[in-house]
Every structure is written in C-alpha cells, then in structure tokens.
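Taken in order, these protein sequences are the chains called A and B.
Using numbering that gives the first Met the number 0, the letters of the first sequence correspond one by one to residues 0 to 186.
Using numbering that gives the first Met the number 0, the letters of the second sequence correspond one by one to residues 0 to 110.
Quick caveat, the hints were computed from the structure, so don't treat them as lab data.
A portion of the hints provided could be inaccurate.
[Stated by the list, open to error] Cβ-Cβ distance ranges computed for the label pairs, FRET-style: (1) A/Ala104 to B/Ser58: 26 to 32 Å; (2) B/Arg88 to A/Arg109: 17 to 23 Å; (3) B/Ser68 to A/Leu128: 18 to 24 Å; (4) A/Leu73 to B/Leu54: 28 to 34 Å; (5) A/Ile60 to B/Arg88: 45 to 51 Å; (6) B/Ser58 to A/Met158: 29 to 35 Å; (7) B/Arg88 to A/Gly139: 19 to 25 Å; (8) B/Arg88 to A/Gly142: 31 to 37 Å; (9) A/Val3 to B/Leu54: 23 to 29 Å; (10) B/Ser68 to A/Ile41: 17 to 23 Å; (11) A/Leu93 to B/Trp55: 33 to 39 Å.
Glycine residues also receive a C-beta, built at the ideal position from the N, C-alpha and C atoms.
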Amino acid sequence: MRDVLFYLLCAVMLGFAVIAVTSRNLFRAVLAFAGVILGTVILFFALGAEMTALAQILVYIGGVMIFVLYAVFLTSGEEVGMPKPSVAKIIFALIVAAIPLSLIAGLALRAGCTFPVAGEALQSPIASLESIGLRLLNPGADGFLVPFELISVLLLAAMVGAIAIATREKEAETADGILTEKQEDAS
Amino acid sequence: MIGLNLANALTLSLVLVLIGAFGMLRRRSLILVLLSIEIMLNGANLALISFNFFLWGTSETGHYLYMLSIGVAAVEAAVGLAMVIVIFRNTRDVTRDRVSLLGETKAEAEA
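Produce the complete structure using the sequences and hints provided.
Next comes the structure, spelled out in structure tokens:
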C-alpha cells in the first residue's frame with residue numbers, strides 16, 4: 000500500500016512538474032509548481048522531516064509562490080504573442096537536460112548501486128524541532144550558529160537589494176522632483 | 000528496490016532537476032525561467048532530505064543543508080523577481096529573447 004502511494008505521489012509530482020515547465024498559461028504553471036511543492040512536503044513527512052516540511056510550506060507556498068504570482072499579475076498573465084518554441088529548440092533542450100542524466104546514471108551504475116534497499120535502510124528517528132533548534136543556535140563545535148546567522152544576513156541583503164532594484168525609477172523621479180523644486184526656489 | 004528507498008527518492012529528485020533544467024532552457028518568460036530554477040532547487044532539497052533519512056541517521060546534517068538551500072532559493076526568488084519587474088517596467092516585456100539589455104531601454108539611453 001505504502002509503495003503504491005509512493006509511486007502515485009511520484010507520478011503526480013512529475014506530472015505537475017511537466018505542466019509547470021510546459022504550460023503556456025503562466026497562472027496555471029505557478030499552480031502546478033505549488034503542486035510539486037506539496038508533493039515534496041508529503042514526501043518530507045514520510046521521510047521523518049516534520050520541521051523541514053513545515054519550512055517548505057512556509058517558504059515556498061507562502062513566500063516564493065505568492066511572490067511569483069505577484070510578478071505574473073504585475074507583468075502579463077500569459078506568454079502573449081509568443082511564437083510556439085520550435086521543434087529544434089525543444090529537442091536541443093531535451094538533449095542538454097539528458098546529458099547530466101546519462102552522466103549521473105553512469106556514475107551510479109559504476110558505483111554498483113550500493114544504496115540500502117528498503118529492508119536494511121537506516122530508519123532514523125524523526126528529527127525533532129527541539130534538537131534542530133538547539134543545534135542551530137549552538138555556537139559549539141557541533142552547532143550551526145554561523146550558517147544560521149549568515150542566512151539571516153543573506154536574507155537581509157536580498158531584501159534591501161530587492162527594494163533597491165525595484166524602486167530605482169522612483170528614486171530618480173523624486174531626485175528630479177527635488178531638483179526642480181530647488182531650481183524653482185533659485186529662480 | 001520497490002517503494003520509498005534511497006535509490007527511488009534520488010531518482011525522483013534527479014528527474015525533478017532535469018525537468019527544471021529542461022524548463023529553464025525552453026521557457027521564454029523570465030518568470031518561468033526562475034520558476035524552473037526553483038523546481039531544480041526543490042529536487043536538490045529532496046535529495047538532501049532523503050540522504051539524511053537513509054544514510055546519515057541521527058546527525059540531521061541534511062536538515063541544515065536544506066535550510067541553507069531554502070535560504071538561497073528565497074533570496075533568488077526575491078532578487079530575481081525584482082529584476083524581472085524592473086525589466087518589465089522598462090521594456091514592457093519579460094520575454095527572454097526580446098529582452099537583450101539590462102537597465103535602461105534604448106529610448107531612455109538616447110534621451
């Protein structure tokens with residue numbers, strides 16, 4: 000039963016992924032992306048990663064997807080006036096995407112596929128919120144305090160950067176406005 | 000080799016990454032190029048978590064790697080989409096083939 004569910008989930012996720020990269024309706028593509036993310040969340044729960052699954056929902060569904068939706072609505076809703084991609088381009092994209100597949104598959108076959116199979120898999124206990132939180136804030140040798148703080152600096156820099164990029168035009172306008180006011184004062 | 004095991008989870012994540020790569024090359028809208036990159040990152044995240052579950056056991060290393068990766072994904076979405084919106088504001092177009100210059104449009108540069 001569990002195996003059947005896993006394969007079903009795989010099929011649904013891959014179907015959504017294909018829709019997300021091929022649909023000509025941008026809105027539909029974003030919703031299919033949400034489907035991929037939700038499938039991943041279900042897999043994360045099955046893999047005992049509660050905290051990670053919740054973070055996935057928060058960041059991807061709550062953050063990235065809403066942001067992409069805003070971008071879709073702020074720009075044009077569809078790939079309008081766009082000629083369909085030529086067959087040659089699709090074939091080229093397929094070939095380029097298949098090269099890493101063959102490389103990785105070759106490596107896996109060469110390594111003899113020493114993955115643990117289902118019966119002998121090391122079933123780790125569920126990673127608890129408490130231990131993850133404590134280790135994230137632990138400055139000791141087994142802690143992850145530095146990456147954690149680096150991520151917050153990175154997020155802050157990205158937030159400032161996004162605001163700076165998106166408001167450049169307005170700043171120029173206000174600068175012009177101040178300039179004209181000053182000129183008016185001078186005259 | 001049936002069901003949820005490491006090999007199958009890794010295969011799923013690999014196929015997700017490849018679908019994302021295909022979309023990144025094929026898509027013409029810049030927004031959907033970013034979306035395809037998010038799908039690739041999602042596949043990598045799945046690989047990290049399944050490695051953590053099947054191989055690394057109690058060390059939880061995959062979860063911390065995942066957090067780094069998700070931070071990068073959020074940052075990429077924020078900055079990338081801000082750039083897309085600026086490009087749309089300047090050129091009224093987010094099609095990859097037609098947007099060939101960053102920043103000012105030709106009309107603005109000449110003015």
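Going through the hints against the structure:
1. Between A/Ala104 and B/Ser58 the beta carbon distance is about 28 Å. The supplied range of 26 to 32 Å therefore holds.
2. Look at B/Arg88 against A/Arg109: about 50 Å separates their beta carbons, and that is not inside 17 to 23 Å.
3. In this structure the hint that B/Ser68 and A/Leu128 lie 18 to 24 Å apart at CB holds, the actual value being about 19 Å.
4. Between A/Leu73 and B/Leu54, the C-beta spacing of about 43 Å breaks the proposed range 28 to 34 Å.
5. At roughly 27 Å, the beta carbons of A/Ile60 and B/Arg88 sit outside the given window of 45 to 51 Å.
6. Evaluation of the 29 to 35 Å hint for B/Ser58 and A/Met158 yields a pass: the beta carbon distance comes to about 32 Å.
7. Checked against the hint of 19 to 25 Å, the C-beta distance between B/Arg88 and A/Gly139 comes to roughly 48 Å, which is inconsistent with it.
8. A hinted range of 31 to 37 Å for the beta carbons of B/Arg88 and A/Gly142 is inconsistent with their spacing of about 44 Å.
9. The hinted range of 23 to 29 Å is satisfied by A/Val3 and B/Leu54, whose Cβ atoms lie roughly 25 Å apart.
10. Separation of B/Ser68 from A/Ile41 is about 19 Å and conforms to the stated range, judged on CB atoms against 17 to 23 Å.
11. Between A/Leu93 and B/Trp55 the C-beta distance comes to about 34 Å, which sits within the given range of 33 to 39 Å.
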